[in-house]
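Enquirer: Letter by letter, the chains look like this.
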Amino acid sequence: MSQKTGAQIIWECLLKEQVETVFGYPGGAILPAYDALTQYRIRHVLVRHEQGAAHMADGYARASGKVGVALATSGPGATNLVTGIATAMMDSSPVVCITGQVPGPVIGRDAFQECDVTGITLPITKHNYLVTRAQHIAPTIKEAFHLARSGRPGPVLVDITKDAQQESADFDWDDIEVRLPGARPASGVLPDELQQAVELINAAQKPLILAGQGVIQSGSTEGLLQFVDKTSIPVSCTLLGLGGFPASHPLNLGMMGMHGESWVNHAIQQADLLLAFGMRFDDRVTGNPATYATAAKKIHVDIDRAEINKNVQVDLGIVGDLRDTLLQLNEAVDECSHRQWNADIEEMKGDSAVRDIQTLPDNGRLYAAHVINDIWNLTDGKAMVVTDVGQHQMWEAQYYKHEFPRQLITSGGLGTMGFALPAAIGARMACPEGEIWVVCGDGGFQMTACELSTCAQEELDINVAIINNGYLGMVRQWQEFFYEKRYSATPLRNPDFCLLAQAHGLQTLQARTRSQARESIAKARRTQGTVVVDFRVEQEDSVYPMVPAGNCLHDMIRRPLEENPLVETAQSRW
Amino acid sequence: MRVISEYRDPRQSPLQTLVLHVEDKPGVLDRVASVFRRRAFNIASLSVGHTHRPGISRMTVVMEGGAAEAERAEANLHKLINVLSVDNVTERPSLERHLALVKVRCNPANRREILQLCEVFRARVVDIGPQALVAEITGSDSKIEGLVEVLRPFGILEMARTGAVAMSRGKQASEQGSRPGSGTASENEGSTETSNRAAVRDRISPPVIERVSLLSEDGRSLTAAR
Ligand SMILES: Cc1ncc(C[n+]2csc(CCOP(=O)(O)OP(=O)(O)O)c2C)c(N)n1
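From first to last, the protein sequence lines are chains R and V.
Throughout the first sequence, residue numbering follows our numbering, covering 1 to 574 in sequence.
Throughout the second sequence, residue numbering follows our numbering, covering 1 to 226 in sequence.
So here's chain V without its partners, still in its complex pose:
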């Protein structure tokens, strides 16, 4: 188990993003989380939601650790019978998005400035009151961090953030394929030996990571300028 005094800021650690498809049954989240807990892997974020297929949920787990740790987590997740697929998209051309709602203190005097900042970050203002407004932002981790940094001086009252949701790019779905050592099952349409091998090769190919960081750098410098 992780020793508490050894706390590491997850943002300082290498991260791995796993996309899971699981049967939508009671206790499945517990089983998945248990794999990470039992092997003492720290989960940086975890988000769960339905897919377009009934009865199947999708989880995006961002874990701390390197490729070897992810490999071990993956192998152990495969052993859960409610887990239909596990895919490490870290090194794969893939999209990763977070959503945040940020409630920031604002008054008529600085409202314009805040609205402008939100606009720069492509954040939507979804609620305005006499003393506060709520901005909604989706994007990469760093983009959201950027917005948070520029809003912080005004006084952030509340913030709600999701973990990452991830999806590989292109035609290939992240829900099939990467299950090495499991090519023969007939239930698993599309998961042939060759596609397994291809998936493994894919993982070795040079990383093309799309981090939609847009204006976060600017955002940072803006903050610095204030």
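Isolated chain R, as found in the complex:
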């Protein structure tokens, strides 16, 4: 046992939790911690905005499965974390945020940079703490890490007063017992539930697996593969589930939902059994819930009891770890072939191929889908891709074929623009090896473009693809479809992204044609350091298929067949 200051205890705890990297920004109320940092071997990444710190911690967590850590000062530093915390909460990402707070004795007096950050983050954290004594720091941080990664993972915030960082206390990590009488693990599948599930699965003629992020987070990829190999049940992934089941597997149908493949949505609507594994029936996945898969019995496996029957009423809800559940299911289910059902789905593909923009010949214009497809091709499908939010995100989901878990990092639940660049920095820190591509829109890129500076300072090797269409593309698409092309506040007058990146000392490339795009991708891959590629793509292209919000899942807008999108219509502004 030894005496340490609260500030030292913070770092001691992080070392004990095997934290190697933290993302943060200093300020008065966290200064003692920053001062103590000089004594510790932990890499600190200085961000340019605290939102970036939270997204980086999140990206780190998503890429590695470990807990990501963000640090900020009180008041404005802490409130800047909010968007990042909410993003992590919606996507169940294990993140611990440590914030400074004004000294205990002045709390409640509106002291300089005082802010009720536990109050503000209460609904967007799994749990949060205000610590006012040095002796409470270690137990709290230990508990915070435990909470962040256990059960359904999520963000936890620890707000520590400045005086608690300054005073001394005993530090004995091993002596701390995490006692959480209110937090209890899920029971797992019960024998009668297992039996019911097996009966339903064995009896189903048209079963379908809906694979969510839970597959990735619980490490169920193997188990799912075995289950599919035994039962021949086709799989569709949610956006966050992509990579949980290999895209190349013959029974992987592709993504479901608002911008899912049309045959997948049709198959869901016709299925007689849905096996929802670690997904939560988000409204972007179900369309109108009243008309969702009405013919199907539904089995829902989730670690979080509150997800069962939240959006969709299910016939069997299993609250438990997916990996264990799959292990038991794999033992118990019958082998099956489902030849007819899989043939039926094949037939549902119909004219999808000819509607696919990939099949259109090169007409000298650059389409976002082509860019994504080329990135996929040239990276041999092996890169980790971090996307922002918008059209490019959906094209990425459709045209990059994700083979393995944690290959796609994207903000699904909150849909946070500005997520990609900082999340990629976090992912880079978590995975020093391998290739990382950021795919982002020209709008979202500008929300956190300041983090280019972080890339430069940390000398990170990241390829940034800006899918530059001169619009807030996804909103423009909605305006085109549902607001009679009134492009209110969606055209963008952008800076020269290449000049902007060059100002940060980074390498840049620009592409306006398909061949330039390929060359740029190849060149970016060969170039060390952060490379920003400005892809000037077709400006008024839309993501198809699309289920308009609130519509039935099978009621999709398809890419028009006769109205060839390659016909010169709109005048390109490039």
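One or more of the hints may lead you astray.
Claimed, not checked - The calculated lysine-lysine pairs, modelled on DSSO-like cross-linking and capped at a C-alpha distance of 27 Å, are:
#1 R:Lys206 with R:Lys310
#2 R:Lys16 with R:Lys4
#3 V:Lys79 with R:Lys310
#4 R:Lys523 with R:Lys382
#5 V:Lys79 with V:Lys25
#6 R:Lys4 with R:Lys142
#7 V:Lys79 with R:Lys66
#8 R:Lys206 with R:Lys230
#9 V:Lys79 with R:Lys142
#10 V:Lys25 with R:Lys142
#11 R:Lys401 with R:Lys523
#12 R:Lys310 with R:Lys297
It is worth saying that the hints were derived from the structure and are not from the lab.
Could you slot chain V with the ligand onto chain R? The hints should help.
Expert: This is chain V with the ligand only, laid out in the frame that chain R set:
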């Protein structure tokens, strides 16, 4: 969020009674209330107090809504780490009590009448002044309503009411058991899978609700007669 113009009289809505045991720590009430606020469930009443066990508080939350809403509230409350147990006692043999203090205008001329009315309702008169008296009453919501109705014509000067406090009847404590999907924890003595299942079954069994309404019906007719 609930739209303000959509205000509904809570007494017109179906109500669900949840009994919570929580750690007695700062901010816990906020967290619990936040679950209801965030999911847009309206709280009809909420009362908090200590239990016989140090460090553990008990909350009775009466919420508007049906069984499905209560189920969702319950599932989300379980996620709060300071919440030790949640129990929906709505359909369970259980007792529910409110307490009210009613200050009513009275003078020597009508004092006898008021005292009599209080007696009929088993209300205790705890203070008498030259122009007012204070009656204390415990019981069901409707019993208290009954007293309030008969006292109203005399002129109610002030009233303080608690929310409901509830407790299931018999040997079974409302503080353990109903945590489906959480059977394996060792910290939780008594909460085994079987008792979880039993609790779930309990909830499905026909309702035996004890509403101690005593003389409220009479009280109403009395008022009507005046
Ligand atoms: C922080 C934030 N603000 C607003 C939105 C709403 N929104 C969703 S997509 C989108 C447009 C994105 O445009 P861009 O980044 O250029 O990408 P594109 O759709 O063109 O690929 C907007 C504004 C959002 N998701 N996040």
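Enquirer: Each hint: holds or not?
Expert: Evaluation of the provided hints:
1. R:Lys206 with R:Lys310: holds (24 Å)
2. R:Lys16 with R:Lys4: holds (15 Å)
3. V:Lys79 with R:Lys310: holds (14 Å)
4. R:Lys523 with R:Lys382: holds (17 Å)
5. V:Lys79 with V:Lys25: Holds, at roughly 16 Å.
6. R:Lys4 with R:Lys142: OK: Lys4 of chain R and Lys142 of chain R at ~16 Å, within 27 Å.
7. V:Lys79 with R:Lys66: holds (21 Å)
8. R:Lys206 with R:Lys230: holds (15 Å)
9. V:Lys79 with R:Lys142: Holds, at about 19 Å.
10. V:Lys25 with R:Lys142: holds (18 Å)
11. R:Lys401 with R:Lys523: holds (22 Å)
12. R:Lys310 with R:Lys297: Distance of about 16 Å is within 27 Å: holds.
Comparing the model with each earlier hint shows no violations; every hint is respected.
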